[in-house]
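Q: Below, each chain spelled out in residue letters.
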Amino acid sequence: MRRKIILALGVVALPLLLRNLYVIMFLVPDEMEQGPIYRIFYYHLPAFFTAALCYLTALVASVLYLAKKDQKYDAIAVSATETGLAFAAVNLITGMIWGRISWGIWWAWDPRLTWALICWLVYFGYLMLRSAIDDPTERAKNSAVLSIFASASVAVTWKAIEWWRTQHPGPVLSIRTGGVQKIDPAMEQMLYVNTVALLLLGLIFVLVRLRQEEVQREIDALRRYAHAMN
Amino acid sequence: MTTLRHAATIAAKDLRSEFRTKESINSTLSFSVVILLLFSFAFDPSPDMIAEFGGGLLWMVFAFAGALIVNRSFARELPNDCIDVLVSSPASGAALFLGKAVAAFVLLFGIECVCLPVFGVFYNITWWRSIGGLLGVLALGTWALACAGTFFSALTVNLRLRELMLPMLLYPMLIPALLSVMMLTNTLLTGQAIPDDFTVWLRLLIGFNVMFTTLSVYLAETVLVR
Amino acid sequence: MSAPAVAAAGVWKYFGDYPALRDVRFELQPGECLALLGRNGAGKTTLLRILGGLSGASKGAVEINGGDVRASETRAKIGWLGHSIGLYDELSARENLRTFGALYGVTTAMITEWLAKVNLSHVADSPVREYSRGMRQRLAVARSFLHEPKLLLLDEPFTSLDDKAIALLQGLLAEARAGGATIILSTHQIREAMELASKVALLDRGKLVHFGERTREMVEDPGYLYRTYGGAA
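Residue numbers (the working numbering), protein chains in the order written: chain F, 1 to 230; chain G, 231 to 456; chain S, 457 to 689.
Accuracy of the hints is not assured; some may be wrong.
As the list claims (entries may be wrong) - BS3-like cross-link-like pairs, simulated, lysine-lysine; straight-line CA separation at most 25 Å:
1) S/Lys663 to F/Lys69
2) S/Lys573 to F/Lys68
3) F/Lys72 to S/Lys573
4) S/Lys515 to S/Lys663
5) S/Lys573 to S/Lys515
6) S/Lys515 to F/Lys69
7) S/Lys533 to S/Lys573
Claimed, not checked - Among the chain F residues that face chain G by a calculated CB cut under 7 Å, a handful are:
8) Ala116
9) Val122
10) Gly125
11) Leu127
12) Asn142
13) Ala155
14) Thr157
15) Ala160
16) Trp163
17) Trp164
18) Gln212
Unchecked claim - Calculated Cβ distances over 12 Å to all of chain S for the following chain G residues:
19) Pro309
20) Asn310
21) Ile355
22) Ile361
23) Met441
Hints are computed from structural coordinates only; laboratory data are not their basis. Being a predicted model, the structure only gives us computed values, none of them experimental. The C-beta atom is built at its ideal place from N, Cα and C for all residues, glycine as well.
Next up, chain F with everything else stripped away, as it sits in the complex (with noise of 0.2 Å):
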């Protein structure tokens, strides 16, 4: 049922995402200022919700976990967690990218980008915390509550870091304030139809990595039983 599942969103997604592909890099205009780098931002912004909604998914269930004690939940916060690191890589990797091009730049310490980095050490901290526990109860209570911890001081860092920038301001002009005004309903619709392509890239790798914890955990159990029996 749930290969059933994974198919049909494939069959959906992959057509979808070549579609955006071909429209992206050849029918929309390029931007005025920018030129044509600005295609980046069809990936570079879905990739952040995309990972925001991962983060946000990872909280809920690491909660649920802590309330319930269901593995099944432990499961699908590491899964998402996963999944959103690999999207905030697109979107941190994609943003050097075009940093690169329009400021000459790989790396400036601007708020958004600065915090993506702590966001990503953060959660990067959890896979690593995970990995160096062997029982699968303990691991998934223990990472559980750091998720929520990692939560927590995320949402505080994003307050935090804004206030940094304004007292330091650098040569730095916003993204936003310079894409909203200029950006064409075309274009804007475009960034809606390719943030729906990429979450369900997204649902989908979560999915994936969802069945590969049930056969770990099953392979564990397994092996514990080995164990018992000698």
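Model the placement of chains G and S on the given structure of chain F, informed by the hints.
A: Positioned in the frame of chain F, the structure of chains G and S alone reads:
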């Protein structure tokens, strides 16, 4: 009330143990002084530069020292499985956590109070001009380190590579607290005029402390009862 | 009728998907002594840890004297003696007992009394690090009996103890039982366990395969229990 009494017992026990062996105190203190010394080679700072990033420099040292201190926090209970006896005692998880966090706070704050004059001598700063405010800010920042650090110490105590894991988890999450305490320390250290955004950073630091302390106290039992 | 001293109602403990304890249920009345037997990995320690509030059950519930284990008042009446001594090496005997005593609300006079009882008064102020193995074990015994617990949980108590400490522990356990305390001890050493026990429980791969009165055969023939109910090493 009982929770606080139990926490005080744990804190007193931790401090007594530490002063008996001086394991963390000696290593952390000498480490901090060495780092302070190395920074002076790395930057060779002029007084203007110190006014600009003195707080940041000082807190880099304290953050390193803090990781060393909290690493010992729950690891102290590992030999002879003392942690089992503590968890099975009437003290709640919250009491155990609070006691250990307070002990870590006292140790770290003491080390900071020694480092401050050393810093003043090395970098030629009259750091005592607003000593009251400075100590208050140091205390707030130190609590952020001690609280989050002790909690993560409980999370990671049974892991291989514990010493590496703890700072990797701790530092990224502490960024808001470190950022604000660096800003605040910078202002007070050099006796600059209090800028407009001072209270914003102070509120952020206090807010961070309230949030992390609440979460830790609430989740301590979950982490300690395995 | 008052609540049983220990009541385990369908206790399960999972490590991931693997059940380390499966539907363990039993009741003990005040004053009973249960010997918890089973080979390595059968779940003895896991069960003891759940009864002592060190670990939570995945399913089912444990009640000690009718109360939840994680309630502070309940744990104030539990004495725990694990594999290790549970003492701080850098602190003296007196400081150790004072620290734990403070958590249980034990007076200084009682601590002095206990130090004499386990024959450590003369070294009470030197750090535990300097003690011999036997002295450390006696202090550990004092630490777990300090607050006059109503329920004693002992994990393999006889494995690490020397003869003197075993004699001390057996005396104290008999005394505690006479005072109405309930005792659960997990052990490999069937003979010592059988001398003390009034009830016997046998765990095999997380299942409670036998729970009942101690019988003559069990004392006389160490292999009897395993042969009859399985779970032999």
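Q: Which numbered hints are broken by the structure, listed smallest first?
A: Hints 2, 3, 5, 8, 11, 13, 18, 19 and 20 contradicted; others consistent.
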